[in-house]
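Residue numbers (numbering that gives the first Met the number 0), protein chains in the order written: chain A, 0 to 287; chain B, 0 to 277.
FYI, nobody ran anything at the bench for these hints, they're computed from the structure. Worth double-checking, as some hints may not be accurate.
Unchecked claim - Derived DEER-like restraints, expressed as beta-carbon distance ranges:
hint : chain 1 : residue 1 : chain 2 : residue 2 : range
1    : A       : Pro-127   : B       : Met-233   : 43 to 53 Å
2    : A       : Thr-122   : B       : Leu-147   : 38 to 48 Å
3    : A       : Lys-272   : B       : Asp-100   : 55 to 65 Å
Claimed, not checked - If we take Cβ atoms under 8 Å as the criterion, some of the chain B residues that face chain A in the derived model are:
hint : residue
4    : Ser-7
5    : Tyr-11
6    : Arg-27
7    : Val-30
8    : Gly-43
9    : Phe-113
10   : Arg-126
11   : Ser-128
12   : Cys-129
13   : Gly-132
14   : Leu-160
15   : Gln-161
16   : Phe-196
Claimed, not checked - For lysine-lysine, the following DSS-like pairs were computed, each having C-alpha atoms within a straight-line distance of at most 25 Å:
hint : chain 1 : residue 1 : chain 2 : residue 2
17   : A       : Lys-121   : A       : Lys-72
18   : A       : Lys-69    : A       : Lys-10
19   : A       : Lys-282   : B       : Lys-23
20   : A       : Lys-272   : A       : Lys-282
21   : B       : Lys-23    : A       : Lys-279
22   : A       : Lys-69    : B       : Lys-23
Each residue gets a CB set at the ideal place from its N, CA and C atoms; glycine is no exception.
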Amino acid sequence: MASVTLSEAEKVYIVHGVQEDLRVDGRGCEDYRCVEVETDVVSNTSGSARVKLGHTDILVGVKAEMGTPKLEKPNEGYLEFFVDCSASATPEFEGRGGDDLGTEIANTLYRIFNNKSSVDLKTLCISPREHCWVLYVDVLLLECGGNLFDAISIAVKAALFNTRVRVLEDEEGSKDIELSDDPYDCIRLSVENVPCIVTLCKIGYRHVVDATLQEEACSLASLLVSVTSKGVVTCMRKVGKGSLDPESIFEMMETGKRVGKVLHASLQSVVHKEESLGPKRQKVGFLG
Amino acid sequence: MAGLELLSDQGYRVDGRRAGELRKIQARMGVFAQADGSAYIEQGNTKALAVVYGPHEGMGQGWTQGSQLKGARGRHMQDRERKTGGFVLEIRGSRARALPDRALVNCQYSSATFSTGERKRRPHGDRKSCEMGLQLRQTFEAAILTQLHPRSQIDIYVQVLQADGGTYAACVNAATLAVLDAGIPMRDFVCACSAGFVDGTALADLSHVEEAAGGPQLALALLPASGQIALLEMDARLHEDHLERVLEAAAQAARDVHTLLDRVVRQHVREASILLGD
């Protein structure tokens, strides 16, 4: 990820191209690269997904474990996020080198899910004040080719869609909790309102969606917008060392909403199509 | 686990294999485009990824190249400042770690938090991962021709995505393919396999259930052409009379793995040369 050094001429080339709505790989300013999504890649998790966006490769595993509900929300389960920036992305992530970036991404994920409507946490409750399901969402960053936040949010949404949590039955009055007899009896989470992040990078006077590493090196400031499938914005954040004009922020937000709705629609259709192929589908994973 | 037979009377193991049979192995080289070399291997339900960077200039841990990386800071940055004629020349990176006559092999073993049945809290940095990293380093220093690249460093990063027994063996096999994909010269393939001993029979390629049963486990990394052993490790008690049988089972399994990996490499080269238009 760090091995991008661009000369001035290359930067000028990219900036001038973007002004004309033509990027280096021929895309328009609002086009995504080809995204490959596959769910159920790791079998001993409750749900998993792999997303490949250009050269960015993300693997998300969701594990459900029993825990106690939080004091202020006794009727709900909760989600815990952990991001591991693997050294395979760049040698600088070896040891603790990737911790800073990992914490930043995890904090962003906490923020975008920190509202009542993203995930219905009441379905994760087993018995109020005593037991609930905790979903540990673990993100593994394998390769970094620009636009990390978008790819991670797509992967998290696909993994949550794929998550199957076993149904527990607790007897009235007793403290025993048992698994239901049917191994396929599962709670599925509704991911209708799970947001996706759209990163808009300001390059010159225009902004682009899904920037590659080279384009990120040319941009001074970016706006992260977290949008649901209905176009509702749940979180917004400006990143980067440059500054943004308030008008451009509004423009970027509108673009983000527009692009986000299209992204959600395509992701929904892809994961539903994959699920309709049933358990006998050919699982490709990293072998394809 | 009470009542679980690791080897039935008819000679079948828990998953239906015979005593000397390996699990299904599928592998692919060149998984990531940005790394110098990468490979992925599946041995039954154990999935491992290996990525190789190098040979490149020797770096200390946490060295940053003045990159665009958001927020990454080297915690153990070692700077040496040398004052030359009035202005300060800052040399970053630890040259002290680079060896003058050969390449330094640096390995990191990391297993994903969702890889095991129980969720792991830390992917790497704990004792087991550090020990595995050192073992991998020892294995590959025996195989890579490090004399050809003095004062440089070769990084091998292994990531276990799903652990179902035989993780060391899967990591070594994946790393061999990744080093070959990176074009780093090696003395020979390094093929590894685990072996155990139950009811007087040596078992090859243990799964997690067989490892957790607590019997003796042997991990062997072999250079197949010469039959030299790069790493040998054994846990638990085993009578020395049985050692030779278990060792032979592991060695035979490693040779079988070699046949498979050889096929994978040849297939990869064939595909690459087709793309080049030969």
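Cross-check of the supplied hints:
1. Taking 43 to 53 Å as the suggested C-beta distance range, the pair A:Pro-127 and B:Met-233 conforms, at roughly 51 Å.
2. Taken as a hint, the range 38 to 48 Å is violated for the pair A:Thr-122 and B:Leu-147, whose Cβ atoms sit roughly 59 Å apart.
3. For the hinted restraint 55 to 65 Å between A:Lys-272 and B:Asp-100, the CB-CB distance of approximately 57 Å keeps it satisfied.
4. Checking B:Ser-7 against chain A by beta carbon gives a least distance of about 25 Å; that is not within 8 Å, so the hint is violated.
5. Because the smallest distance between the Cβ of B:Tyr-11 and any Cβ of chain A comes to about 23 Å, over 8 Å, the interface hint for this residue is violated.
6. Because the smallest distance between the Cβ of B:Arg-27 and any Cβ of chain A comes to about 5 Å, under 8 Å, the interface hint for this residue holds.
7. This hint holds: B:Val-30 has a C-beta 6 Å from the nearest C-beta of chain A, less than the 8 Å allowed.
8. The beta carbon of B:Gly-43 is not positioned within 8 Å of any beta carbon in chain A (closest approach about 11 Å), and the interface hint is therefore violated.
9. A cut of 8 Å between beta carbons decides the hint on B:Phe-113: the least distance to chain A is about 3 Å, and the hint holds.
10. The beta carbon of B:Arg-126 comes no nearer than 15 Å to any beta carbon in chain A, farther than 8 Å, and the hint placing it at the interface is violated.
11. Checking B:Ser-128 against chain A by beta carbon gives a least distance of about 11 Å; that is not within 8 Å, so the hint is violated.
12. At about 10 Å, the closest approach between the beta carbon of B:Cys-129 and any beta carbon in chain A exceeds 8 Å, and the interface hint on this residue is violated.
13. The interface hint given for B:Gly-132 is violated, since its Cβ lies 10 Å from the closest Cβ of chain A, which is over the 8 Å cut-off.
14. Because the beta carbon of B:Leu-160 sits about 6 Å from the nearest beta carbon in chain A, less than 8 Å, this interface hint is met.
15. At about 5 Å, the closest approach between the beta carbon of B:Gln-161 and any beta carbon in chain A falls short of 8 Å, and the interface hint on this residue holds.
16. With a least beta-carbon distance of about 27 Å to chain A, the hint placing B:Phe-196 at the interface is violated under the 8 Å criterion.
17. Restraint check: the Cα-Cα separation between A:Lys-121 and A:Lys-72 comes to about 10 Å, which is no more than 25 Å; the hinted pair holds.
18. The hinted pair formed by A:Lys-69 and A:Lys-10 fails the criterion: a straight-line CA distance of about 49 Å is larger than 25 Å.
19. Between A:Lys-282 and B:Lys-23 the CA atoms are separated by roughly 15 Å; this keeps the pair inside 25 Å, and the hint holds.
20. Pair hint A:Lys-272 plus A:Lys-282 holds up; C-alpha atoms about 14 Å apart against a cutoff of 25 Å.
21. As the CA atoms of B:Lys-23 and A:Lys-279 are separated by approximately 19 Å, the hinted pair is consistent with the 25 Å bound.
22. Distance restraint check for A:Lys-69 and B:Lys-23: the Cα-Cα separation of roughly 44 Å exceeds the 25 Å cut-off, and the hinted pair is therefore not satisfied.
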